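Chains as they are written, first to last, in our numbering: chain A, 1 to 390; chain B, 1 to 160.
Any given hint could be a false lead.
Straight-line C-alpha distance at most 30 Å; calculated BS3-like pairs for lysine-lysine [claimed, not checked]:
1) A:145 to A:356
2) B:48 to B:83
3) A:260 to A:194
4) A:15 to A:83
5) A:213 to A:194
6) A:83 to B:83
7) A:213 to A:62
8) A:83 to B:4
9) B:86 to B:72
10) B:55 to B:36
11) B:4 to A:213
12) A:194 to A:164
13) B:7 to A:213
14) A:344 to B:14
15) B:86 to B:107
Hint data in this document are derived by calculation from the structure and do not stem from the laboratory.
Owing to the predicted nature of the structure, the values given are computational and were not obtained by experimental measurement.
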Amino acid sequence: MDYEKLLSPVVREMKPSGIRKFFDIAAQMENVISLGVGEPDFPTPWQVRSAGIHSLEKGKTKYSSNAGMLPLREEIARYMKRKYDLSYCGETEVLVTVGGSEAIDLCLRAVLSFGDEVIIPQPSYVCYEPMTTLAGGVPVIIETKAEDDFKLTPQQLTAAITDKTKALILPYPCNPTGGIMERADLEAIAQVLKDKNILVISDEIYSELTFGKRHVSIASIDGMRERTVVVNGFSKNFSMTGWRLGFACGPKEILSQITKIHQFAIMCAPTTSQYAAIEALRNCDDAVAAMIEEYDMRRRLMVDGFNRIGLTCREPSGAFYAFPCIASTGLTSEEFCERLLYAKEVAVVPGTAFGKGGEGYIRASYCYSTEHIQEAIRRMGEFVTELTCK
Amino acid sequence: MDQKILKLLYQNGKLTAEDIATRLGADATAVADRIKEMEKAGIIRGYKAVIDWEKLDSVYVSAIIELKVTPKAELGFEEIAEKVMKYPEVESVYLMSGTYDLNVVVKGKTFQQVAMFVAKELSTIPAVQSTATHFVLRRYKESDVELINTDTDDRGNFWL
Numbered sequence: 001m002d003y004e005k006l007l008s009p010v011v012r013e014m015k016p017s018g019i020r021k022f023f024d025i026a027a028q029m030e031n032v033i034s035l036g037v038g039e040p041d042f043p044t045p046w047q048v049r050s051a052g053i054h055s056l057e058k059g060k061t062k063y064s065s066n067a068g069m070l071p072l073r074e075e076i077a078r079y080m081k082r083k084y085d086l087s088y089c090g091e092t093e094v095l096v097t098v099g100g101s102e103a104i105d106l107c108l109r110a111v112l113s114f115g116d117e118v119i120i121p122q123p124s125y126v127c128y129e130p131m132t133t134l135a136g137g138v139p140v141i142i143e144t145k146a147e148d149d150f151k152l153t154p155q156q157l158t159a160a161i162t163d164k165t166k167a168l169i170l171p172y173p174c175n176p177t178g179g180i181m182e183r184a185d186l187e188a189i190a191q192v193l194k195d196k197n198i199l200v201i202s203d204e205i206y207s208e209l210t211f212g213k214r215h216v217s218i219a220s221i222d223g224m225r226e227r228t229v230v231v232n233g234f235s236k237n238f239s240m241t242g243w244r245l246g247f248a249c250g251p252k253e254i255l256s257q258i259t260k261i262h263q264f265a266i267m268c269a270p271t272t273s274q275y276a277a278i279e280a281l282r283n284c285d286d287a288v289a290a291m292i293e294e295y296d297m298r299r300r301l302m303v304d305g306f307n308r309i310g311l312t313c314r315e316p317s318g319a320f321y322a323f324p325c326i327a328s329t330g331l332t333s334e335e336f337c338e339r340l341l342y343a344k345e346v347a348v349v350p351g352t353a354f355g356k357g358g359e360g361y362i363r364a365s366y367c368y369s370t371e372h373i374q375e376a377i378r379r380m381g382e383f384v385t386e387l388t389c390k
Numbered sequence: 001m002d003q004k005i006l007k008l009l010y011q012n013g014k015l016t017a018e019d020i021a022t023r024l025g026a027d028a029t030a031v032a033d034r035i036k037e038m039e040k041a042g043i044i045r046g047y048k049a050v051i052d053w054e055k056l057d058s059v060y061v062s063a064i065i066e067l068k069v070t071p072k073a074e075l076g077f078e079e080i081a082e083k084v085m086k087y088p089e090v091e092s093v094y095l096m097s098g099t100y101d102l103n104v105v106v107k108g109k110t111f112q113q114v115a116m117f118v119a120k121e122l123s124t125i126p127a128v129q130s131t132a133t134h135f136v137l138r139r140y141k142e143s144d145v146e147l148i149n150t151d152t153d154d155r156g157n158f159w160l
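Extracted from the complex, chain A is given alone in its bound form (with noise of 0.2 Å):
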């Protein structure tokens, strides 16, 4: 066989995660203390994960409609009108997917054609850039700042913007920088948006998870529901990653046609999945206040460690990271974390894993117990003051 001739080009040089290796490496070795999982450490909330159980009980192990079941749906659309004051039809404008990232791919898909612009603010999570060109499209980097907190500026918005551009990625609140966008800084680029044909796929996993200030979504500003996909699922809000559960909701111009991919590609969503997460919607408030209270004294704790140790962290405003500054140490981001591996045997994820822009940063994620957290500081103070002493 020749494979080379068989696979497809664009699939051959889509890069595998560059830090692949190094991750291996840490999996292997035995005292290693990470902070590198993104993802929850409480378990789902008990009545979520009763109601599965309870589903598969009764045996209701069919495929759902494919949009997903439409007492879900609807609960979806309750939900983003209580928290978000968004207002969705479930029957028409809501999809329920394999996760938060499904919904993305679906929509890049189903705006791209070959050559077509996406913007992609940077760091953000990993999937955007390879989606976008596995869907025949070409990824427009904007790096975020720290001095802007990491958030889009109009002022960069605009100068990406080409009349090539079909889409804008809007990851708040953001993996790995923690950063969000209030209202006024929505406002800001929905003026630029406003007279554009370009959707704005708004990737809201965290959204529940924002610190002091509550989630605002880019579709409840004036003008931009029209031309907006708000993606969202259950596996961080609600510690549901393993569950594999996301939804989209827009307008039905679009809806309508993402569904049809959607059938085409996964037929539905998990049903034992979706009845969970009804469950989720309609009574797992305080279950999620309390995972939110405990995320934030584990947020505070670790700024402030960080800070202590002499690695500039700014207060991360919403998802579960820290995403302190390395670059006092001269190192680079991937030598930091390979070194501090090696030495001290704590994992953390370089901040260009997640793009150029990452450079000088790590991540550490903070769904872990504070004791662990407080471990891994300590083994970082001592990398850090043998490195500077050296």
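Mind docking chain B on chain A? Use the hints.
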């Protein structure tokens, strides 16, 4: 604020005021003051370690004793409860709803010792009508701490 401080101290009594202040984003002196106030007011009654005695040779046994008692006019259950709680063998005393009155946790070095204490001391109190002794065979969870915690971090190698 007080509730949050108490919740943290309940989870970990060794936290300093500064530790707590960091977690809550509060001022360390203010937290220290609140803790002192709550100690004075008797809201915080003490700080103890949660110990897994089974890990040691000096295992002690404990039993839950259900006491049915005759309450005294005017004093109700108070008098008998106060008498029972004064024994050093007694770890806790609760007034219960349901089919018996006082739930008494008793500890001792051996089953024999606990049994003798119940027979000789508790049963002979005039107001006590009957006792039922339930020995603790194994402790799985103590003061919110799982003693046989087998949870491991089984999150996959999913980093991004």
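Please work out if residue 4 (chain B) and residue 213 (chain A) have their alpha carbons no farther apart than 30 Å.
Measuring from Cα to Cα gives roughly 20 Å; hence the hint holds.
Residue 83 (chain A) and residue 83 (chain B) were given as a pair; does the straight-line alpha-carbon distance stay at or below 30 Å?
55 Å, violated
Restraint status (C-alpha distance of residue 344 (chain A) to residue 14 (chain B) at most 30 Å)
Holds, because 26 Å separates the two Cα atoms, which is no more than 30 Å.
Are the Cα atoms of residue 86 (chain B) and residue 107 (chain B) separated by 30 Å or less?
13 Å, holds
Holds or violated: residue 7 (chain B) to residue 213 (chain A), with C-alpha atoms at most 30 Å apart
24 Å, holds
Has the given pair, residue 15 (chain A) with residue 83 (chain A), been kept, meaning a C-alpha gap of at most 30 Å?
The hint is violated at about 38 Å.
Is residue 194 (chain A) within 30 Å of residue 164 (chain A), Cα to Cα?
17 Å, holds
Hinted pair, alpha-carbon criterion (30 Å max): residue 213 (chain A), residue 194 (chain A). Please report holds or violated.
Holds, at about 25 Å.
Starting from residue 86 (chain B), check that the Cα of residue 72 (chain B) is at most 30 Å away, please.
Holds, at about 18 Å.
Quickly compare the C-alpha distance for residue 145 (chain A) and residue 356 (chain A) to 30 Å and report which way the hint goes.
12 Å, holds
For the pair supplied as a hint, residue 83 (chain A) and residue 4 (chain B), is the alpha-carbon distance within the 30 Å limit?
25 Å, holds
So if I understand the rule, the pair passes when the alpha-carbon distance is 30 Å or less; does residue 55 (chain B) with residue 36 (chain B) pass?
34 Å, violated
Checked against the numbered hints listed earlier, the structure breaks hints 4, 6, 7, 10; every other hint is satisfied.
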